[in-house]
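If you're matching them up, the sequences are chains A and B in order.
My numbering puts the first residue of the first sequence at 1, with every later residue one more than the last.
My numbering puts the first residue of the second sequence at 1001, with every later residue one more than the last.
If you are wondering where the hints come from, they were derived from the structure by calculation, not from laboratory data.
For glycine and all other residues, C-beta sits at the position ideal for the given N, C-alpha and C.
A few of these clues could be false.
To be verified - Coverage of chain A stretches by chain B, computed from C-beta distances (three or more under 8 Å per stretch; other residues unrestricted):
| no. | stretch |
| --- | --- |
| 1 | 4-13 |
| 2 | 75-87 |
Claimed, not checked - Sample of chain A residues facing chain B (criterion: CB under 8 Å; computed from the structure):
| no. | residue |
| --- | --- |
| 3 | R17 |
| 4 | V18 |
| 5 | M221 |
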Amino acid sequence: MNPLAAILVRDMRIAVRVGGGALMGVLFFLVVVTLTPFAIGPDLALLKRIGPAILWLAALLASLLALDRMFAADHDDGSLDLILMGRAPLELVVAVKGIAHWLTTGLPLVLAAPLIGLFLNLDAPAEAALVLTLLVGTPALTFIGLIGAAIAVTLRRGGLLLAVIVLPLTVPVLIFGVAAANAAVIGPVPFGTPFTILCALTLASLVVGPFAAAAALRQEME
Amino acid sequence: MRLSADDLHCHRGGRDVFAGVSFAVGSGEALIVIGRNGAGKSSLLRGVIGLVRLSQGRLTLEGGDPELTIAEQTHYLGHQDALKPSLSAAENLSFWAGFFDAPSLDIHGALDAVGLASLAGLPAAYLSAGQRRRLSIARLIAVKRPIWLLDEPTSTLDVAAQGRLTGLMQAHLASGGLIMAATHGPIGLAKTQELRLDQASPSLAQDQGDEQEKP
Chain A
1 MNPLAAILVR DMRIAVRVGG GALMGVLFFL VVVTLTPFAI GPDLALLKRI
51 GPAILWLAAL LASLLALDRM FAADHDDGSL DLILMGRAPL ELVVAVKGIA
101 HWLTTGLPLV LAAPLIGLFL NLDAPAEAAL VLTLLVGTPA LTFIGLIGAA
151 IAVTLRRGGL LLAVIVLPLT VPVLIFGVAA ANAAVIGPVP FGTPFTILCA
201 LTLASLVVGP FAAAAALRQE ME
Chain B
1001 MRLSADDLHC HRGGRDVFAG VSFAVGSGEA LIVIGRNGAG KSSLLRGVIG
1051 LVRLSQGRLT LEGGDPELTI AEQTHYLGHQ DALKPSLSAA ENLSFWAGFF
1101 DAPSLDIHGA LDAVGLASLA GLPAAYLSAG QRRRLSIARL IAVKRPIWLL
1151 DEPTSTLDVA AQGRLTGLMQ AHLASGGLIM AATHGPIGLA KTQELRLDQA
1201 SPSLAQDQGD EQEKP
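The shape of chain A in the complex, shown without the other chains (with noise of 0.2 Å):
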């Protein structure tokens, strides 16, 4: 077997087992969500129109759960040594895990939003809409967070130094998913615009993440 299609089935192997963390993200999006309209009220006009932000927020904090863990499980157990041993780039050792965690955190958010999503008195546009940014987006969150996942890598509690690295950085694709989603909700900018810029942030992540995370690992090994 190819050594990143390995590393691929493993993680997403992993995700899927007891313990693995990959229902627990979107479980969580389900709970903070379903949350919401509790603590707002039944006023469906300030929802529909809130109703896109509370998604991305819950997207970018439930995609932040089991990123902690991505690294730090491989170094406490020894793999990354081996890892580091391997013919394989750790670049793209690095990107693959983030795919693979990806398909199993962040898809499922994707997945699941068009459900949520009429717990916040969204439309259909509106919710497809919202999709298409979230598919968009959350790569984008989840490349970033590898950056933060490879620098806590040693750290005992490093989910906490983690959130703070991450968060941050997430801004930009935070503001302009949200714009893209509230255009085709509410208008009047066109949804095109803000949702190029998102895809501009997500196809940046993917190539800058994996070298960035990479860099951190070596730098933390030696």
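Once you have looked at the hints, place chain B on chain A.
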């Protein structure tokens, strides 16, 4: 194939872990690294494969694949077993075989070589310390790499498993591989060199024919 080190120094956390270490190991030879706790045995092994930064010195590998680094031709058996508790023994092993791009995947044969064939489907979480150790040793069998770096390979192994490990090491040496092992106890190999890290300047003692009894 010949792995030689010239005047290696390692400086970590404000102190010299070891200094002026030189050795040379050829195909079919084993180098046993001996020293008290904290003498730098593990750091030396990790330094050879670049997991610890060596502050000075030169490592050369003659007769290896020039396209690959030393680490890429080496198996490292460290203190940690690199196993995922939620995956079964066979899944753990086939992951490493896949990751190291083994041309043929003889997972069952490798598990059999360490006596774990009957536990192939059991999650690694349920294995004992010695069984986990044997499962990581199976990795060395499943993927062929000419250099073995073993850090206390016999710890947690029972007498029978130690004997089996000795057999695997002898077979590896006979097929032209080389071994560097850090150990406290006898390792039961016939042709070994010893590298002592205790003294002020570490020295190489040639030791043909192990006087220690086989375990």
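Hint check results:
{"no.": "1", "hint": "4-13", "verdict": "holds (count 6)"}
{"no.": "2", "hint": "75-87", "verdict": "holds (count 11)"}
{"no.": "3", "hint": "R17", "verdict": "holds (4 Å)"}
{"no.": "4", "hint": "V18", "verdict": "holds (6 Å)"}
{"no.": "5", "hint": "M221", "verdict": "holds (6 Å)"}
In this structure, none of the earlier numbered hints is contradicted; all agree with it.
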